[in-house]
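What follows is each chain in one-letter form.
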Amino acid sequence: MANKLIVAPAPHVQTSQSTACIMRDVVIALMPALVVSTIVFGVDVLRVTAISVAACVVFEFLIQKFFVNGPLTISNWSAVVTGVLLAFNLPASIPWWIVVIGAFVAIAIAKMTFGGLGKNPFNPALVGRVFLLIAYPVQMTTWPMPVQGAFDALSGATPLAAVKHGAVGPDALGVQDLLLGNMPGSLGEVAALALLLGFVYLLWRRVITWHIPVTILATMALFAFFVALGTKGTENPALLWQLPLFHVLAGGAILGSVFMATDYSTSPMTVKGGVIFAVGIGVVTMLIRLWGAYPEGMSFAILMMNACVPLINKYVKPKRFGVK
Amino acid sequence: MEVLLYTILTLCVLGVLAAVILYFVAQKFRVEEDPRIDEVEKMLPGANCGGCGFAGCRGMADALVKRDDISDLFCPVGGGDCMKAIAAYLGKAAAEKQPEVATVRCGGTCEKRPRTNEYNGTKSCAVAASLYVGETGCAFGCLGFGDCVAACAFDAIRMNPETGLPEVDPDKCTACGACVKACPKMVIELRKKWPKNRAVYVSCVSKDKGAVVMKACKAGCIGCGKCEKVCAFGAITVENNLAYIDPQKCKLCRKCVNECPTGAIKLVGMDPLPKEPKAPAAPKAAPAAEKAVAKEAPKAAPAAEKAAAKEAPKAAPAAEKAAAKEAPKAAPAAEKAAAKEAPKEPSHES
Amino acid sequence: MKTFPIGGVHPSANKLSCAKPIEVLPLPEAVNIPLAQHIGAPAVAKVAKGDKVLTGQLIAEAGSFMSANIHSPISGTVTAVDMVPNGQGLRQMMITIKREGDEWAEGIDRSDKLVRECSLSAQEIIARIKEAGIVGMGGATFPTHVKLSIPAGKKAECLIINGVECEPYLTSDHRMMLEHGEEMVVGVTILMKAVGVGKAYIGIENNKPDAIAHLSKIAAQYKGIEVVPLKVRYPQGGEKQLIAAVTGRQVPPPPALPIDIGAVVCNASTTFAVYQAVQKRMPLIQRVVTITGKNLREPRNLLTRMGTPVSALIAAAGGLPENAGKVINGGPMMGRAMVNLDSPVTKGCSGITVLSERDARRREASQCIKCAKCVSACPMGLEPYFLSKMTQKKNWDELEARMITSCIECGCCQSTCPAYLPLLDWVRLGKQTVMGRIRARAAAAAPKK
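Chains as they are written, first to last, in numbering that gives the first Met the number 0: chain A, 0 to 323; chain B, 0 to 349; chain C, 0 to 448.
Keep in mind the hints are simulated off the structure, nothing from the lab. Check before you lean on any hint, since a few could be wrong.
Calculated cross-link-like contacts (lysine-lysine; reagent style DSS-like; alpha-carbon spacing at most 25 angstroms) [to be verified]:
1) Lys180(B) x Lys393(C)
2) Lys323(A) x Lys118(A)
3) Lys293(C) x Lys3(A)
4) Lys228(B) x Lys208(B)
5) Lys122(B) x Lys392(C)
6) Lys393(C) x Lys118(A)
7) Lys318(A) x Lys1(C)
8) Lys392(C) x Lys316(A)
9) Lys171(B) x Lys41(B)
10) Lys388(C) x Lys318(A)
11) Lys250(B) x Lys225(B)
12) Lys1(C) x Lys323(A)
13) Lys184(B) x Lys171(B)
14) Lys122(B) x Lys393(C)
15) Lys217(B) x Lys274(B)
16) Lys184(B) x Lys392(C)
17) Lys1(C) x Lys214(B)
Generate coordinates for the entire structure from the input sequences, incorporating the hints supplied.
And the structure:
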């Protein structure tokens with residue numbers, strides 16, 4: 000034996016699933032949606048995503064290099080994840096400088112001011128998006144039409160906005176269109192099926208558990224079901240399944256619940272806490288969608304529930320062994 | 000314009016209202032406290048180090064005011080003067096304590112105590128100590144992961160990367176005892192602080208038998224008892240294969256230093272006694288300089304010490320020149336002369 | 000398929016030696032026998048330097064009720080009773096014996112003949128187990144006679160035999176079940192008699208189908224013994240996890256013990272030792288030790304006399320490989336890394352695992368990403384990330400409130416952490432400190448009564 004014996008306390012095995020590995024898996028899980036989005040909206044999608052990712056990585060690098068002490072952590076891919084998620088929350092037609100501003104807000108303000116990965120209380124990509132939505136409302140709500148099969152009925156509005164303003168009913172778009180993304184919207188939210196594929200990949204890689212996404216979508220569906228029942232359900236029974244399905248598939252419901260609400264540092268530490276968190280997101284989203292000022296409420300709902308996470312962590316403890 | 004005016008007005012009214020509410024709440028829930036506690040807290044150093052046994056200076060101040068007998072309370076940071084002032088203010092009798100300084104009793108440098116394995120766990124002495132013997136063969140000595148450094152609120156203790164041992168800056172050390180508590184091996188002791196930071200102490204805490212100590216470390220106490228025999232003041236006791244110098248009885252005569260076969264007795268701030276003629280020229284404390292000055296016998300001893308100080312930073316701190324001049328009567332006059340020449344000599348030799 | 004209710008992980012099993020039959024390691028030239036090989040008071044040496052001893056002769060007597068006898072594993076001369084470094088380099092009292100032949104003490108039946116019938120009373124059985132110095136051989140080394148002496152006011156309802164061996168690499172229990180199943184099941188009947196229960200379960204994970212089939216076949220011949228196949232999941236071999244997996248009942252947090260819910264758990268190898276002690280008057284002087292590691296030339300299961308230096312086992316497996324980085328006493332999840340390979344095999348040593356330097360070195364830790372994988376992996380339902388942080392902040396009260404004393408130190412949290420944080424290093428330290436504080440409090444409260 001050439002070297003001295005190495006000594007350390009047990010355990011002597013470590014998982015091969017490192018932080019970088021997890022973040023890379025999230026990026027991989029987002030790729031199908033990126034592909035579908037590119038097909039739907041054209042190469043603009045790639046342009047926005049590339050700018051967003053590059054800006055996020057560069058901002059994180061610069062801040063770690065010049066403003067905070069400690070090792071560089073850009074190799075852990077977390078800035079890439081934030082970049083892709085931020086891009087997925089923007090319309091494909093957005094000017095490049097707005098993307099850069101969004102990336103700055105996401106990384107510099109929402110993430111690094113709190114100490115970087117694992118310490119940020121709010122989802123950085125969503126903070127970036129909401130900032131842009133408030134600062135640049137026109138650019139942020141000008142949706143390009145899909146390259147093929149444009150919808151006259153929607154006339155450049157997202158399905159959620161169109162339904163909200165009473166232009167069309169929730170049945171205007173077929174389930175097939177909603178699943179495949181043939182509608183205007185943010186570049187990552189239009190392809191429900193591709194996002195679900197990513198969800199399955201994340202479950203298979205054990206990056207996330209099913210609890211938060213499924214609970215959010217179930218809460219939304221249930222909420223929509225009761226709203227339908229309370230309004231026109233009796234005269235139009237088809238609405239009882241159309242409205243829930245529409246709310247689950249349209250807008251950022253799937254993107255938000257699978258990729259944003261499950262963000263590690265901004266979601267509760269326990270399964271039980273996660274379920275409470277998820278129910279909260281589902282309810283707040285539906286409240287905003289149906290009665291709020293904005294047609295889409297996913298990002299606000301997630302940010303609001305992010306604020307509750309420390310409280311949930313304090314009061315919701317895991318099920319202790321041997322304690323009734 | 001009107002909107003702006005209304006906005007400013009509303010905000011002002013709101014602010015005033017909130018201020019009024021706050022005022023009444025503060026009045027209603029005010030905690031009545033002995034005003035002397037504030038005064039005493041101001042007199043305390045405000046380091047909040049916990050050296051007194053309370054969580055912070057406020058707790059200490061509270062206890063000082065409320066207790067009738069404060070003789071068992073002592074602020075090691077403020078020291079005797081601070082306690083006297085507080086006692087005078089409160090009209091109570093203060094405890095008197097001599098100044099102390101944290102002393103690291105381990106001489107197992109990287110060089111003298113070879114590493115036998117590589118520790119790959121959390122760099123914490125407490126964690127390592129609960130796991131195993133440590134990176135060296137010595138089960139008693141310093142582990143070198145710096146729990147004491149982390150515990151010190153005064154930046155008075157630092158790891159020396161060359162020796163792998165912590166070093167105390169006696170001028171910054173307040174003897175609060177945080178490092179003593181933090182050390183799982185109980186290597187650090189609070190010892191009487193002599194003027195000019197002089198000290199003589201056994202720099203080893205190993206209770207292993209001599210043969211075991213020698214195998215693990217070249218600077219350990221082997222419990223031979225030579226120092227105990229030579230001490231004229233009965234300050235040294237050897238128990239469990241380990242010598243201990245009682246700081247209250249020790250008069251810094253330094254005879255034991257020359258007796259120690261392994262150099263485990265450390266001498267700080269003073270020159271060693273010259274060796275008896277029969278013994279080799281240079282003192283044991285400076286083996287590095289031995290060959291350089293072997294011929295020049297007692298005269299060059301302090302110079303050798305200087306050289307040693309350069310080569311091995313641990314051997315003797317900066318106060319040396321002064322110490323050499325003020326050397327006790329026992330030192331021969333020749334030494335004084337040498338001390339004056341000393342600054343020049345190292346350059347010839349090195 | 001049954002398993003325990005909360006947490007758990009799936010480390011790669013690496014059971015390299017599971018197909019290797021048990022072989023006898025040649026007797027060592029000299030042995031070191033620590034007086035403290037068990038939980039509780041150290042044994043008191045009954046021999047001095049220069050004494051001649053026989054194999055199986057009592058050389059140290061239990062120091063108190065919570066202690067265990069120690070017998071000489073070889074015959075020869077006592078050369079020293081002195082402080083000798085153990086595997087962690089810490090000196091502890093050991094009896095050193097130089098071997099001269101292999102002469103056995105009288106009254107020990109060394110034949111292989113199976114003795115089924117046992118006409119002894121429960122007290123007599125426990126006395127023989129105590130006499131033989133048997134302790135839990137799964138690693139906890141709890142004196143078996145203490146475990147079997149049910150305290151007044153409590154009643155055992157079932158006996159659970161731990162054949163799980165969930166620790167990666169180790170195969171000694173597995174081989175014992177395959178090769179000594181008959182004796183083991185007789186041991187189970189003896190233990191059932193000792194604690195006065197009519198029902199015994201043998202829990203085995205279903206990655207050992209041969210052991211499940213073999214023991215089921217034998218158990219069918221006896222009344223009240225059932226083999227329970229369990230879903231593979233670490234740390235199923237933990238006492239509390241095994242009870243929960245087999246019976247569905249959970250032991251309440253400390254200071255409650257398994258007996259509080261009527262369960263007595265015994266390791267599979269211990270069961271064999273009980274059979275030998277009661278039916279053959281054979282004291283616990285040897286055990287099967289797995290010597291394993293991916294880079295060892297020949298991983299093996301070796302019947303080893305207690306006190307044999309670990310280096311002899313490594314030599315028998317082809318010597319320490321060039322790239323060896325860590326030698327672990329036990330398996331990689333809970334075993335202790337060794338610095339002194341001349342230290343002896345003791346009663347609780349079920350295996351020696353050699354890891355290559357690449358596998359041994361911890362990866363660089365980064366910041367916590369709050370992924371909560373440690374929380375979902377903890378089989379005790381604790382929050383390791385929080386406990387680790389609070390230990391570093393020395394917030395002992397908070398640690399106690401968050402039940403740090405329930406931690407079983409299984410290592411699930413640390414092994415599953417994607418940031419490679421040393422969670423258990425801190426949690427273990429925090430647990431020790433909090434336990435010390437609880438003891439100090441109890442001691443302070445006691446004199447007032």
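Enumerated hints in conflict with the structure, sorted upward:
Failing hints, ascending: 2 and 17.
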